[in-house]
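If you want the building blocks of each chain, they are given just below.
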Amino acid sequence: GAGVSQSPSNKVTEKGKDVELRCDPISGHTALYWYRQSLGQGLEFLIYFQGNSAPDKSGLPSDRFSAERTGGSVSTLTIQRTQQEDSAVYLCASSGGSGGANVLTFGAGSRLTVL
Amino acid sequence: GENVEQHPSTLSVQEGDSAVIKCTYSDSASNYFPWYKQELGKRPQLIIDIRSNVGEKKDQRIAVTLNKTAKHFSLHITETQPEDSAVYFCAARNTGRRALTFGSGTRLQVQP
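Sequence lines, in order, name chains A and B.
Under our numbering, the first residue of the first sequence is numbered 1, with each subsequent residue one higher.
Under our numbering, the first residue of the second sequence is numbered 1001, with each subsequent residue one higher.
In short, the hints are calculated from the structure, not lab data.
Be aware that a few hints might be false.
[As the list claims (entries may be wrong)] Now the stretches of chain B that chain A is said to cover, found in silico as 3 or more residues with beta-carbon under 8 Å: (1) 1044-1054; (2) 1100-1111.
[Claimed, not checked] In silico lysine-lysine, DSBU-like type, Cα no more than 35 Å apart, as pairs: (3) Lys17/A to Lys1042/B; (4) Lys1058/B to Lys1042/B; (5) Lys1022/B to Lys57/A; (6) Lys1022/B to Lys17/A; (7) Lys1071/B to Lys57/A; (8) Lys1022/B to Lys1042/B; (9) Lys1037/B to Lys15/A; (10) Lys1042/B to Lys15/A; (11) Lys1022/B to Lys1058/B; (12) Lys1037/B to Lys11/A.
[To be verified] So the derived label-pair ranges between C-beta atoms look like this: (13) Lys15/A to Ala1070/B: 41 to 47 Å; (14) Val74/A to Glu1039/B: 23 to 29 Å; (15) Gly28/A to Ser1012/B: 39 to 45 Å.
This one's a predicted model, so the numbers in the text were calculated from it and none came from an experiment.
Every residue, glycine too, gets a C-beta built ideally from N, C-alpha and C.
Pulled out of the complex, with its shape left as it was, chain B reads as follows:
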């Protein structure tokens, strides 16, 4: 089955700096890669996703890049703000399986 590895497990940045979170996946058939944000005590929510026919996708301060050859994808947050502090989960899914396989999460702390 699919295995998704995520790093770093924790990340601390100063407000205004950029943050990068990286994930690798094992199943070459995976074609959908979402990112979820979970604020403290709240439920995970989708923030951005990318499909395998696209190399990069951007939405305001967040962007995701995908390298299918290397089987890795990354989340980039620019101009970080304190409200970006949360746990971020990457995930992957292949065409034959509907359930997402999640990474172990990255706790991002933005210092004001």
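With the rest of the complex left out, here is chain A:
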């Protein structure tokens, strides 16, 4: 596609529920990243996928968080048993192709609110 697409754009859920956030990267980009941005805060790294290599999961804050990337394209970030502190904007980015391996193109984000 023309850009990185994320869905849903907004998600309100109750504490304890599971949520899934989806990211569709730019076609041809081999690298995909998930970051979390809490209100007024910086970009916290969560997980990174590169081609067929094992993902770098070092940023996942707890075992309630997991992510997968199917067929080297679409990625899903799953948060189980959501807590109020999970409320944030979850940003996906991809890189590679003609844009170069270094330049991250971000999606618009999924705003998660846990009540």
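Fit chain B to the known structure of chain A by using the hints.
What follows is chain B alone, placed relative to chain A:
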């Protein structure tokens, strides 16, 4: 792992003045240092980057300097304009890790 510290957290300047944002990093193996700009309600976008074999890079009104010995790098914006108002993030990455580590961001407000 890498730790990137950024300051100031907020910066207000008059239109036409210069703005400087500074970052320090902890991992001496880091070799790539980009800056991203995030306008209100929008996604972050790359504005300039520098590699460790270069001390300074300039693109029109913005420039970035890198001091590898001191492990710090800075963003300089000259002749600021209201449209420069945004949150700016510095980041660092080392050769062994693809994911960028971001600073906490600087909210720049340019007063007309």
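Item to complete: Sort out whether Lys15/A lies within 35 Å of Lys1042/B, counting only the CA atoms.
Response: OK: Lys1042/B and Lys15/A at ~27 Å, within 35 Å.
Worksheet entry | Pair hint outcome, Lys1058/B versus Lys1042/B [Cα-Cα no greater than 35 Å] | Holds - the C-alpha atoms of Lys1042/B and Lys1058/B are around 25 Å apart, at most 35 Å.
Discussion item. How does the stretch 1100-1111 of chain B fare against chain A when you require at least three residues with a CB closer than 8 Å, holds or violated?
Written reply: holds (count 6)
Discussion item. Quick check on a hinted range of 41 to 47 Å for Lys15/A and Ala1070/B, using CB atoms only.
Written reply: Taking Cβ atoms as reference, Lys15/A and Ala1070/B lie about 45 Å apart, which means the hint holds.
Discussion item. Check the hint pairing Lys1037/B with Lys11/A against an upper bound of 35 Å on the C-alpha distance.
Written reply: The hint holds at about 25 Å.
Discussion item. Just to be careful, I want the Cα atoms of Lys1022/B and Lys17/A compared with a cutoff of 35 Å; is the pair within it?
Written reply: With Cα atoms ~41 Å apart, Lys1022/B and Lys17/A exceed 35 Å; violated.
Item to complete: Would you check chain A against the stretch 1044-1054 of chain B, counting CB to CB pairs closer than 8 Å, and say if three or more residues qualify?
Response: holds (count 4)
Worksheet item: Taking 35 Å as the top limit, are the C-alpha atoms of Lys1022/B and Lys1058/B close enough?
Response: holds, 16 Å
Worksheet item: Is it true that the CA of Lys1022/B sits at most 35 Å from the CA of Lys1042/B?
Response: Distance of about 23 Å is within 35 Å: holds.
Fill in: Given hint Lys57/A paired with Lys1071/B - CA-CA distance at most 35 Å
holds, 26 Å
Worksheet item: Taking only the CA atoms, is the gap from Lys1022/B to Lys57/A under or equal to 35 Å?
Response: Between Lys1022/B and Lys57/A the Cα gap is close to 29 Å, so the pair holds against 35 Å.
Item to complete: For the range 39 to 45 Å, tell me whether the beta carbons of Gly28/A and Ser1012/B fit it or not.
Response: holds, 41 Å
In this structure, the one hint that does not hold is number 6.
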